[in-house]
Structure formats: C-alpha cells, structure tokens
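K.L.:
Protein chains in written order, with the working numbering: chain G, 562 to 902; chain X, 562 to 902; chain A, 562 to 902; chain P, 562 to 902.
Mixed in with the good hints there might be a few duds.
One-sided and incomplete, this derived list gives chain G residues near chain A with beta-carbon spacing under 7 Å [what the hints assert, rightly or not]:
| id | residue |
| --- | --- |
| 1 | Gln585 |
| 2 | His586 |
| 3 | Pro587 |
| 4 | Thr592 |
| 5 | Ser641 |
| 6 | Val644 |
| 7 | Val647 |
| 8 | Gly650 |
| 9 | Phe749 |
| 10 | Tyr751 |
Now the in silico label distances, taken between C-beta atoms and shown as ranges [to be verified]:
| id | chain 1 | residue 1 | chain 2 | residue 2 | range |
| --- | --- | --- | --- | --- | --- |
| 11 | X | Asp896 | A | Gly747 | 32 to 42 Å |
| 12 | P | Glu781 | A | Gly747 | 49 to 59 Å |
| 13 | G | Ser748 | A | Gly673 | 50 to 60 Å |
Worth flagging that the hints you see were computed from the coordinates, not collected in a lab. C-beta atoms are modelled at their ideal positions from N, C-alpha and C, and glycine is treated no differently.
4 protein chains.
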Amino acid sequence: MTYRVGIINVTGFAGMEAARLLWQHPEARITSITGRSLAGRRLGEAFPHLAVYGDTMITAEIEGSVDVVMSALPTAESASACVPYVRAGVKVIDIAADFRLKTAEAFETWMGKTHPAPELLAEATYGLPELNRAAIAASKLVANPGCYPAAAILALAPAVAAGVIGDQIVVDAKSGISGAGRGSGGSFGYSEVNEDVSAYKVGNHNHQPEIAQELGALREAPEPKVTFVPHLVPMTRGIHATCYAPLARDVSQAEVRELYREFYRDCPFTRVVDAPPHTKHTLGNNMCLVHPVVDARNGMLVAIGVLDNLVKGAAGQAIENMNLMLGIDQKAGLDLPAVYP
Amino acid sequence: MTYRVGIINVTGFAGMEAARLLWQHPEARITSITGRSLAGRRLGEAFPHLAVYGDTMITAEIEGSVDVVMSALPTAESASACVPYVRAGVKVIDIAADFRLKTAEAFETWMGKTHPAPELLAEATYGLPELNRAAIAASKLVANPGCYPAAAILALAPAVAAGVIGDQIVVDAKSGISGAGRGSGGSFGYSEVNEDVSAYKVGNHNHQPEIAQELGALREAPEPKVTFVPHLVPMTRGIHATCYAPLARDVSQAEVRELYREFYRDCPFTRVVDAPPHTKHTLGNNMCLVHPVVDARNGMLVAIGVLDNLVKGAAGQAIENMNLMLGIDQKAGLDLPAVYP
Amino acid sequence: MTYRVGIINVTGFAGMEAARLLWQHPEARITSITGRSLAGRRLGEAFPHLAVYGDTMITAEIEGSVDVVMSALPTAESASACVPYVRAGVKVIDIAADFRLKTAEAFETWMGKTHPAPELLAEATYGLPELNRAAIAASKLVANPGCYPAAAILALAPAVAAGVIGDQIVVDAKSGISGAGRGSGGSFGYSEVNEDVSAYKVGNHNHQPEIAQELGALREAPEPKVTFVPHLVPMTRGIHATCYAPLARDVSQAEVRELYREFYRDCPFTRVVDAPPHTKHTLGNNMCLVHPVVDARNGMLVAIGVLDNLVKGAAGQAIENMNLMLGIDQKAGLDLPAVYP
Amino acid sequence: MTYRVGIINVTGFAGMEAARLLWQHPEARITSITGRSLAGRRLGEAFPHLAVYGDTMITAEIEGSVDVVMSALPTAESASACVPYVRAGVKVIDIAADFRLKTAEAFETWMGKTHPAPELLAEATYGLPELNRAAIAASKLVANPGCYPAAAILALAPAVAAGVIGDQIVVDAKSGISGAGRGSGGSFGYSEVNEDVSAYKVGNHNHQPEIAQELGALREAPEPKVTFVPHLVPMTRGIHATCYAPLARDVSQAEVRELYREFYRDCPFTRVVDAPPHTKHTLGNNMCLVHPVVDARNGMLVAIGVLDNLVKGAAGQAIENMNLMLGIDQKAGLDLPAVYP
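Sequences are here, hints too, so could you generate the full structure?
P.N.:
Here you go:
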C-alpha cells in the first residue's frame, strides 16, 4: 500500500523540500499539493529542480482523499488550515510553530498573535522522535520542531536528563540563510549577506521558549534558563548550535560521551561523534550530529548539534514523524547519504 | 538480482559521489571499494556524509567478484587498473580521461604522457548516452565523458548534427571548484578562491580535443574548430557552458528549439528549457539543462548547457552508462530531484 | 583648494562607493549628498561602513554650491536631474546610462523609454579615459561607462584599433551580484543566488550597443557585430569579461602582447598582464587587468578584462573622469592597492 | 618626516595586509620587506593586488635602517627575529603570539614550545590601545593582540572593569577563513569549507589564556574563567565574537549601554552600536563594533564584538600601535570607510 500525502503550501522552502524527499519514499507519495500564489501551475515548472514530478499540479486546496497532511504555512496561519483534517481523522504534521508551545498564553506572548486553534493544543505532540517516539506514533497531530530547537535540544537533552548540567544554559546558533524562508530576498539580498556574520533577535527569538519547554520536560526541576542567540552565516543550508552549560557535578569526557551514546542508542538519525562535526556532513539528509565536550578547566559542558535546517530541522523531520504515525519503518525514505562536497 | 559494483579510488570527489548515488540504486550495490591512502578504514568514518555505509571497508584492491568496475583514478593511472577487468570480461567504466580520445597520439599530445593501454582504445565507447546509447549498451569498456565536454557537447550536438552552425565554435565554461578534485586545496584555498573569477589554460585545456572529436563525429565534415576557455567561479558544484557558433544558415528561434527538442526526445537526462537555466537546478542530480538562443542580429547561435559536474559530469553519468551496459532501466537510481535551494 | 562634490542618490551601490572612495581624495570632498528614501538621516548611520562621515546628512536635494555633480540615479531618471547642473556650468558625471549612446533613437530602442534630455547628447563625452582622455578633460558632461562595457572595451580596444580582429565578436561576461544594485534582494536572494551560475538577457542586454558603438569608433569600418551574454556568479563584486574574435590576420602572441602594452602605455589604471587575471586582484580599487591570448590553432583572439564593477566599472571611473575634468592628477584618490584576500 | 617601516614576512596574510594599509599612511612608508620563499621577487608581481608598489623588492633580510619593525612571522619564530631590533632600539611590533602571554610558562603550556626570548617578556606591552594606550606609547616592544582576543576583550572589557558580570564567561567566536593564514589551503580547500560551519579546538585554543589574562588585568579579582570556542564560517574576512556572562548585579540595558559608551569615549576605533553589528561593516577597515545586550529574563549579559581579523585583528592594529609608539596621530592612515557591499 502507498500512503497518500497532501502538502499545504509547497511553495516555501520547507514545503518544496518535503516534495523533494517524498519523491524517494517507498511507501508514500504526494497526491495533492497547494500553494496560493502558484495555484494552477505545474510543480516541476514552477520549481525546475522538481521537474521529475511531471504533470503534478499545484492547486488552491487539497484535492481528493489523503492519509497524511503536512502544513508548511506560515506560523499563525497554519493551525486553522490543520483543523479540518484533524477533525476528519487525517494524520496531520504541522511544520509551522502553531502547536509547539503547550499553552495559548505562551504562543501569544512569543508570537504576538492570538492562537488560531487553542482547543487542539492538548492533542498535539511535540515531534522530536528522539524524545517522544511512542507519543508521536500514537498521535493524530504532531508539532514539528523548529530548526534551531531541533539542533539545540538534541545537543543538550542527554545532559539535562542525566542532571549533569545546571540551569544557566547558553545556545549560540549559526544558521544558513534558507532558514529565513523563500521570498526573504528583500531582506537577505546576496550582496548584503555574503561575507557577513550577524546576530539577530538577541535573547528574544521565539524559538527560545520551545527549547526551554522541551528541556524542562526532561527533568523534575523547573524549566532551565536558556539564553538563545541566533546568527546568520553566509551559506544556504545548515545549523550549528553550540550550547554551553555549567556542569552540575564532576563528570569526565568519557562518562559524558557514554551517556550521550546510550541516550541515542536506538535513534537512527542522531549520531554522537568524536570530533567537532561539520554542518556540511548533513547537507540534504536527515542526520543530526552531536558532539559533547567537557571543558574541565572551566567546569563547563560544551555540546554541539548540527543538522540541515530544511531536513532534520523541517521536512525530513516531518517525514520521520509521518513514518512513526503510519507505523512504518522510521527510516523509510530518509536513510540517505549527505551531499558532499 | 542485485549487481555487484566495485569502485577503484573511492576517495576522490567522483568516486565518493558514485558511492553516494549507488546507495539509492535499486538493482546494484557496492561490494568493494578501494582507496590507496585510506585503505583499512571504514568508508563512513573516512567520509562522514557516507555514514549510512556502516561497516563497509576501504581496501587496497577490489575484493571478491564484481559485475561492474568504475575507476576514478587519475588520468594515465586509470587505464592500467582497468586492463585486467576488461580482459576478465567485467564491465568497466573509466571515469578518468584515459579512453576518451580515439588515438594514443592524441592522448600523448594533450596529456603529455604515453598511453598506458593503447591496445584497448579501439574497444572503448564514448559514454554519452544522448549520442551513443546503443554502442554503450553493447560495450565492455566505456569512457565516461569529461565534465566540461558533457555540458558543451550536449549544448551543441543538435545544432552540429543539423548543420545549423558553422565551424568556428567558442565554448566558454564556468565551473565550480570541486572540478579541481579533492586534495586540491593547496592551490584552491578558500580565501583565495572565494569572491574571485578567473580563467585558466586559455585555449589549451585537454578537454578541448574531446569536445571537437565528439562534435566532429556528428557530421560528415572534418572536426570543427573549438576555442575552449574554462573559468573557475566561487561555488562548489556546477558547470555552465555557454557556447557560441556562427549560424550556417537562416534559422528561427522556433526552428532551433524544435530541432533541439526532437534531438533529445528520448533522452531522460537532457531537457531543453525555454529560459536561461541555473546550475543550481541540477545540484546533486543527473540532469543536463540545455537552452539554445538564436542571436539573429549577429547571425550567432548561443547554446547553453548546465549540469552538476560530479553527477551528469562524472559519477551519475557513470551509473547511467552502467545501467545501459547491464540492460536495466537507464534511469535506475538516477531519477531524482535536485537539491534546492 | 579642495573641490566640492555633490552626489545625487548616494543610496545605491554606485553612489555609496563614490562616497567611500572620495573620503580618501586629497583634493576633493563631498559637500552634499542626496537620497530620496533616506533624506534626513546621517550618512554614517544609514550605512555603517561610512561612519567616518560623522554628521554628514543625506538631503532631498543638492545643497550649497558644488564644483562637480555625480549622478547615480537609475537610468532614464538621471538625465533630467543632470540638466540644471549642466546648464549652470557645473561639471557633471552621469553614472547612469542616459548619455552613453550617441542618439536618442538608440536609447529608446534599447532602454524602452524616451530620452529625457536628447538636446544634451551632443555635448556628452563617453568617459573611458583610455580612449578619450583629452575629450573628457575638455567636457562638461561625461557619460560614465557601464560596468560590462568598461571591461569588454578595455579587453578589445587595442585589437580593434590595430585591425587585428574581424567583425564577429563574442563577449561572455561574468558579474558579481552587486551589479544588480542595492535593493535587488527580492530577485537576488542569497539562498537562490548562492552556489549558482546563470545567464540572463542572452544577446539582448542594453550594454551590447554601448560596446559595439565604442569599438566601432576605433576604426574606419562600420560597427562590429557583438554577441554579448552576461552571467551572474555567486560573488559580490567583480566582472570578468572573456572576449573572443576571429583573427583578421596572422599575428603572434608576442606581437599582440606588445600591441596591447603600447596601447595602454600611459594609462595608469589598465595593466596588461601575462597570466589569466583574477577579479579579486582588483577588489576595491580602480584597476582593470587585461590579458590577450592568441589561440593560433583556431585563428581566434581571446581577450580578457577584469575589474571591480563598483570601482573601475562605476564610482572609481567617475572619480577618474572628475580628476581629468578638474585638470588635477588623473590618479588622485585612486592610486590604491586592492583588498586581498 | 616620513618614518621608515620594515616588515618581516610580508608574504602571509597579516604581512601583506600591513603593506596594503601602509601604502596610504601619510607619515610612514615601507622601506624594506622580507619573505623567505619569495625573496628576490617584486612585491607587486608576487601579489598583484599590491602592484602599486612597483619595483619594491622582497628581500631575505631587512635592508637599511628602519624606525619600526613589524614581524608577521609564525608564532615561536617571531621572537628571535625581533630580538636584534629591540636591542638596537628600533620600535618593534610583533604580530605573532610570542609576547602576548606574560610568562614563559604560559607560553610553553599553550603553544607547546619553549619561548625563544623569555628575557624580553617583561619589556613587552600588550598592544590593545583601548586598554593600554599610554603604556603602548612608552613601549619599545608591543605584542599585537590575537584576532579573537581583540574582538572578545573589546566586547567584554567595560563590563568586566565595572564589575557588572561574574566569572563564568563564554566566548563563542565565528571567524572567516583568512584567519587560518595563507597557504592553509591544504586544510581549508574551497570545496570543503564552502557551505560549512564547524567548531575547532573546543575549549582548547591558545587564544583562551590571552583573553583571560587581559580581562583579569581589568579587575582586582583573579582571572575569570573563559570557555572559548572558535568556529570557521564560509567567508574570507571577519570575526564575530558573541560573549556571554552571568550578570553580577542588577543592571539595565540603558546603564550598560552608557557604561560601554563611557569606556570607549576616546577610542577612535571602537564604536558602541545599538543594533547587532555586521562583520561586513568593518571589512577592510580598523573598526571594532561593540554591542552589549542585557538578557534580563535570564540574568545574562550578551556582548558582541565584530572586526576584520586582518585589520583591527592584525595589521591595522599593528599600525595603530605604531602610531602611538611614534607619537603621531593614532588614526593616521587608518581613518577609512569599510568596503561595502
């Protein structure tokens, strides 16, 4: 059997990446795709890199029955689009930020908008399989993690869960420009972004509460303090999250390494590595590489997580969640090398 | 049945790209790989982007029986390595330049070295399926085209074959830096190459005779004159060949377009497009995009060909040739979207 | 004495580059700058790289008396802004394309707009000092060359003037993205442009007639045919023009080299070099590097010109023209190393 | 009077940048330059971007009398070369790391080599004018700061001096590739570095003790703990240091901002800015932009410093130190806009 997938808003970078990856999926295929500005056009004509899709049309609404819906609409627009599918019992994965925070209040505080479907928040599962595999498999509505949180949480989770680190966490993240989304060229023109590094939304980015919430769920104590500073670096894809936290107890490099390996033993897409990882080693695939280092001199844990923001940070993660929700192999369609160099 | 493939010298960019692409091949798999400096190491450890290969070891020599051998050794080293397999009846694809030129004399003139196996030259088939599909399918030894010639020949072949253009051809090619090969960092350091364009081997590059030879084979007249100037541009992958030739007769844009479409009607990996193509629309896949333009004002044909130098210009082309030699679907393992953005 | 310079529209890349370079000029200084959207703001606040300018304000109109006006307005808007200054006897340098073509008809054909001040065309001098030094020095209105034409004309002029090449010229140009102008991010977003090469306006760019006109002026025969294809490459600054033309007579590499050196003997900003030049060797300075190669095998001249599109291709050239018009040292303020790496 | 400057090892990136900047210096000029591998060649021929230097030759040893020597030799080679000049009373600026750490023991611990001239350590002044202007002016031997320390110390100094932050400091630095030096292409080839971010020497880089030492000198308490993690990002020039430290007392954003402005009031090359600064706004000039942010929610100070690693992080800083040592205007030759875009 081949599952039928609908993608709402295929025209953003996350949506088109889902289309790219689903092409190779052995048990699912796209049967309907929407995109407002490009409705009525052929997918492969609008986006020449997807020419393999031949006559597949972009429509205004999802057409025909589907088993799974992925929504790649902007945050605060996505929830409303998801509602009818959730109601109808279709499995829904929201790639936007609408169902990630647990409360409508938190959403309002950080997004500056009223939540469009607060009644569904209790049903939503945070879609990071390394933490929530069973819950995802049982869920009808999965909130796909943000790209920064995916990297930061995977870098820190084993240490938080084991109580190795204390409360004052720093997440310094470096992102490729595709994280800003398609059509963001007006603010991110090549001439301005090239040969430049800059921080933005210092201590104030809406991915911060998502990181704190999920790390907090790993332990008894209240949510840790997380200072989060995202940076843009001149590349297209990739996130490098460098996380820092004071050690809560004496721990050796070997112990931390073992603790991390144990934590991720059954996780096909998070690998603990012994040298500083390169974002480029995950370009185009669903891998997250994690590297913890004990800075014994200063009593600090440095934990690095790298991934492709459009794959493990968005569309690949959505497919991994879909696989779990459908009860098929978690790795289906995703067990791929990265593109290098 | 799954065909067994051996790769000689997996450690260069073309060799590792063959490994990346073969991972997804439905009917063939790598059973042995060699690499001199890295013999004894795990493939996925030496090259983290290939971690999916798990315990596959790099060895000094091909081990076990194989159905196909691909050699990615340097030019003038590759032929000798191929000889025993050709003799043993194994299908061989040489990704190096050893069997591309038809005579040992031409090889010596342009490569500055004695040909290591001139006795095999007559058996070799030039591996561009758009021109030689049947011959490739019947061949035991295929010479995989150079990256520049693949782009230039595909841009020009329909016009040459139809006698639309005259003799004085210009091929102005722009290449990403991966064309210089792995380990070329000494000459192509990031700080020097970034934010720079330059030409090299002006009118003197050894891909020039390959272009002239194959275009010459498409018509009765002698080989055309080809002025070939390669340039390096600051990107990793991609070739953009812009070709210019005086029109030999009056011809309209519509006529040329139709002539090109007809020529490539049954070619799954060369697509004629109606707007200037972007190299990035082929990143990571086996597509060549071709765009002919009649500059009526000046009596000139401008024909553009773009491709990924490591895929249609090297490893993907090798797999396409392998498919034909094995009598399986020409598209097997290669029918993929490009990676974008 | 210090000359007073006004810049109309300092807010584009060419205008702000003029401000950058004039800062170091020993005999001229900016006394007034305009910029529509940013009028009322401090220059160094709007553009932090120009913070050295301290309290200099951007105003809506040129304020106070000036000796020279440079206009960096868009084409077809610039001429009208120049008229009053020309009438008032102020020396004017138009960095836009309004006064480059000799006739209002040519302007209308190529720009698709009516010329705003056709009555001034006869007074305008084409501002390429390598060809027109004396005329520029005597002129009140100088049309600053386009960035592509500057590179192409300087690469080809000696050969055309000496009758070494024939009529069918190809100019294949590669440009950094800053050539598209500030605020062009909507079409040239980082994620789309990075790792990409593409051609545009194939055979149809409005710099083509400018190249043909100026090369035609160097000889008795009618204007040569010029096929011009511009390409965008992923870097910020730099133009690399690779020009091709059939040799009109037998000529050796040594002879061509000598002919080029002789032609540019007294030109401080065009240097004939013996190896393929790198755009990066001119980054930020006013140099044009020229490299002619005889491809004797094919009877073709390949002539390369490289420069920084914002300096010798725009603002630096404007200052060089200003120096000549003011009768001061042609090199004043421009005799600088390039920024490397 | 024009001071005579000798540069030892002009052939590295820092040395050639010193040559680039000194070209424009109003009161000093290069009279002798050395470079081992290129001795006997013209400077402008070896490095085409320095062609303005005409016939200046690279020699094996400094020739003639000089007033100032800058050494850009590798660390642990530089000190020995400096000794004779210091002895002879020539003013010496060491751009290498030989005289930065105060003790031979620290040098040995972090560099893994015996100090070549420990007897001079007591005479050396740490050359960061924002902290040590008077001492530099009085010194005969100045240790030019490392590129990372320059950015980190300038970001943190006002907060440390005012006792606003506590002891556990994190410095997360992002550097362009030129920091790795010329001839580093073997490890930093374009194809590998492009589209990649990675950390290196996590918690173990030899710039860490330099940061801790200089921050420690600003207060009574012992040296703070500094966790330093450098990262390479795909650009040529620029350092972005993002520094984090727990607040030691309640402090408002306005108070911190004022405290920073006050600290740098008389410093011509460090500017406190109100928005996250861009490395590109300092490209090619001697500016450091500093931006402190109070993350009140988490009780953390985030302090950002950006600069051009080859200018304020190396050669420009050396010239600024030279100016102070010579008693001339601190800004001489350095009061320049940045190159943008």
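K.L.:
Hints first: check each against the structure and report whether it holds.
P.N.:
Going down the list of hints, with the structure as the test:
no., hint, in the structure
1, Gln585, "violated, 22 Å"
2, His586, "violated, 25 Å"
3, Pro587, "violated, 29 Å"
4, Thr592, "violated, 28 Å"
5, Ser641, "violated, 28 Å"
6, Val644, "violated, 31 Å"
7, Val647, "violated, 32 Å"
8, Gly650, "violated, 37 Å"
9, Phe749, "holds, 5 Å"
10, Tyr751, "holds, 4 Å"
11, Asp896(X) with Gly747(A): 32 to 42 Å, "holds, 34 Å"
12, Glu781(P) with Gly747(A): 49 to 59 Å, "holds, 55 Å"
13, Ser748(G) with Gly673(A): 50 to 60 Å, "violated, 30 Å"
Hints 1, 2, 3, 4, 5, 6, 7, 8 and 13 from the list above are not met by this structure, while the remaining hints are.
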